[in-house]
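Let the sequences and hints guide you as you build the complete structure.
The listed protein sequences correspond, in order, to chains L and U. Going by the numbering used here, the first sequence opens with residue 1001, and the numbers climb by one from there. Going by the numbering used here, the second sequence opens with residue 28, and the numbers climb by one from there.
Simulated from the structure, these hints should not be mistaken for laboratory data. All C-beta atoms, glycine included, are put in the ideal place defined by N, C-alpha and C. You may find that some hints are simply not true.
[Stated by the list, open to error] Residues from chain U that keep clear of chain L, each with C-beta distances beyond 10 Å, as calculated: (1) 39; (2) 47; (3) 94; (4) 103; (5) 105.
[Stated by the list, open to error] List time: in silico DSS-like cross-link candidates among lysine-lysine, alpha-carbon distance up to 27 Å: (6) U:133 x U:69; (7) L:1053 x L:1018; (8) L:1071 x L:1003; (9) L:1013 x L:1055; (10) U:28 x U:133; (11) L:1018 x L:1057; (12) L:1053 x U:130; (13) L:1003 x U:133; (14) U:69 x L:1003; (15) U:69 x L:1055; (16) L:1055 x U:130; (17) U:95 x U:28; (18) L:1057 x L:1003; (19) U:130 x U:28; (20) L:1057 x U:28; (21) U:95 x U:69; (22) U:69 x L:1071; (23) L:1057 x L:1070; (24) U:69 x L:1018; (25) U:130 x U:69; (26) L:1070 x L:1055; (27) L:1057 x U:69; (28) L:1057 x L:1071; (29) U:69 x L:1013; (30) L:1057 x L:1013; (31) L:1071 x L:1018; (32) L:1003 x U:95; (33) L:1070 x U:69; (34) L:1018 x L:1055; (35) L:1071 x L:1053; (36) U:28 x L:1055; (37) L:1018 x L:1070; (38) L:1053 x L:1070; (39) L:1003 x L:1053.
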Amino acid sequence: DVKVTQSSRYLVKRTGEKVFLECVQDMDHENMFWYRQDPGLGLRLIYFSYDVKMKEKGDIPEGYSVSREKKERFSLILESASTNQTSMYLCASSSGGGPSYEQYFGPGTRLTVT
Amino acid sequence: KQEVTQIPAALSVPEGENLVLNCSFTDSAIYNLQWFRQDPGKGLTSLLLIQSSQREQTSGRLNASLDKSSGRSTLYIAASQPGDSATYLCCFQGGSEKLVFGKGTKLTVNP
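Okay, here's the thing in structure tokens:
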């Protein structure tokens, strides 16, 4: 079974802090994704990556950056956390070679910025 | 811009009832349609994926159908149980790796 893990289930940070959210998948998937989920807004794509060192902006990349130095690991970085980045963050992965592949999600990280 | 709509937003049924969740999308250039389940405070669990060449997929008490011409997908749950209570999300994948999600249907199955 595919396993996608996220470094923390709950995280509390202060405004202005630099925040790292880590995601690891164990199925050698090419594609990895970061979403945030907010009540009434649903899931929104922040960034995704097709391969190591590759990244593409999603729908809401402002205030975020990403890093993919190894195939299995995709990091989301909040350079200077703000209260409007309080949210549930979900990582996902899928195999490459075309779009018709199932996405597998991690358990999520609930981030609170105070 | 692709939009995915799920109706109803919330549904409450007695245990044992068969039910249908609806999902509609605006873009007919679909690659696949995926249904997920999300429990409160948790990540998404994939239930069924229907590729564009397929009309339906089944897993246990779940059956998902896809009608590309009308831009609709349904998730049928047979003999519902309290453990089925969760939010169900459908998502559309078109000509890229990106998914477009509906806002979900929150299902409550009452014992």
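Hint check results:
1. 39: Holds, since 19 Å exceeds 10 Å.
2. 47: Residue 47 of chain U clear of chain L: closest Cβ-Cβ about 21 Å, beyond 10 Å.
3. 94: holds (18 Å)
4. 103: holds (20 Å)
5. 105: holds (23 Å)
6. U:133 x U:69: Holds: residue 133 of chain U and residue 69 of chain U sit about 14 Å apart, inside 27 Å.
7. L:1053 x L:1018: holds (21 Å)
8. L:1071 x L:1003: holds (14 Å)
9. L:1013 x L:1055: holds (25 Å)
10. U:28 x U:133: Between residue 28 of chain U and residue 133 of chain U the Cα gap is close to 25 Å, so the pair holds against 27 Å.
11. L:1018 x L:1057: holds (20 Å)
12. L:1053 x U:130: Roughly 31 Å between the alpha carbons, so the hint for residue 1053 of chain L and residue 130 of chain U is violated.
13. L:1003 x U:133: Distance ~25 Å between residue 1003 of chain L and residue 133 of chain U Cα, so the pair holds.
14. U:69 x L:1003: Measuring from Cα to Cα gives roughly 15 Å; hence the hint holds.
15. U:69 x L:1055: holds (26 Å)
16. L:1055 x U:130: holds (26 Å)
17. U:95 x U:28: Holds: residue 95 of chain U and residue 28 of chain U sit about 17 Å apart, inside 27 Å.
18. L:1057 x L:1003: holds (24 Å)
19. U:130 x U:28: holds (16 Å)
20. L:1057 x U:28: holds (17 Å)
21. U:95 x U:69: Violated, at about 31 Å.
22. U:69 x L:1071: Given pair residue 69 of chain U, residue 1071 of chain L holds - Cα atoms ~25 Å apart, limit 27 Å.
23. L:1057 x L:1070: holds (19 Å)
24. U:69 x L:1018: Holds - the C-alpha atoms of residue 1018 of chain L and residue 69 of chain U are around 24 Å apart, at most 27 Å.
25. U:130 x U:69: The hint holds at about 15 Å.
26. L:1070 x L:1055: The given pair, whose Cα atoms are some 13 Å apart, holds under the 27 Å limit.
27. L:1057 x U:69: Holds. Residue 1057 of chain L to residue 69 of chain U sits at ~25 Å (cutoff 27 Å).
28. L:1057 x L:1071: Holds: residue 1057 of chain L and residue 1071 of chain L sit about 18 Å apart, inside 27 Å.
29. U:69 x L:1013: Holds: residue 69 of chain U and residue 1013 of chain L sit about 20 Å apart, inside 27 Å.
30. L:1057 x L:1013: holds (24 Å)
31. L:1071 x L:1018: Holds - the C-alpha atoms of residue 1018 of chain L and residue 1071 of chain L are around 23 Å apart, at most 27 Å.
32. L:1003 x U:95: This hinted pair is violated, its Cα atoms lying about 31 Å apart.
33. L:1070 x U:69: Distance ~26 Å between residue 1070 of chain L and residue 69 of chain U Cα, so the pair holds.
34. L:1018 x L:1055: holds (20 Å)
35. L:1071 x L:1053: holds (9 Å)
36. U:28 x L:1055: Roughly 22 Å between the alpha carbons, so the hint for residue 28 of chain U and residue 1055 of chain L holds.
37. L:1018 x L:1070: The hint holds at about 21 Å.
38. L:1053 x L:1070: holds (8 Å)
39. L:1003 x L:1053: holds (21 Å)
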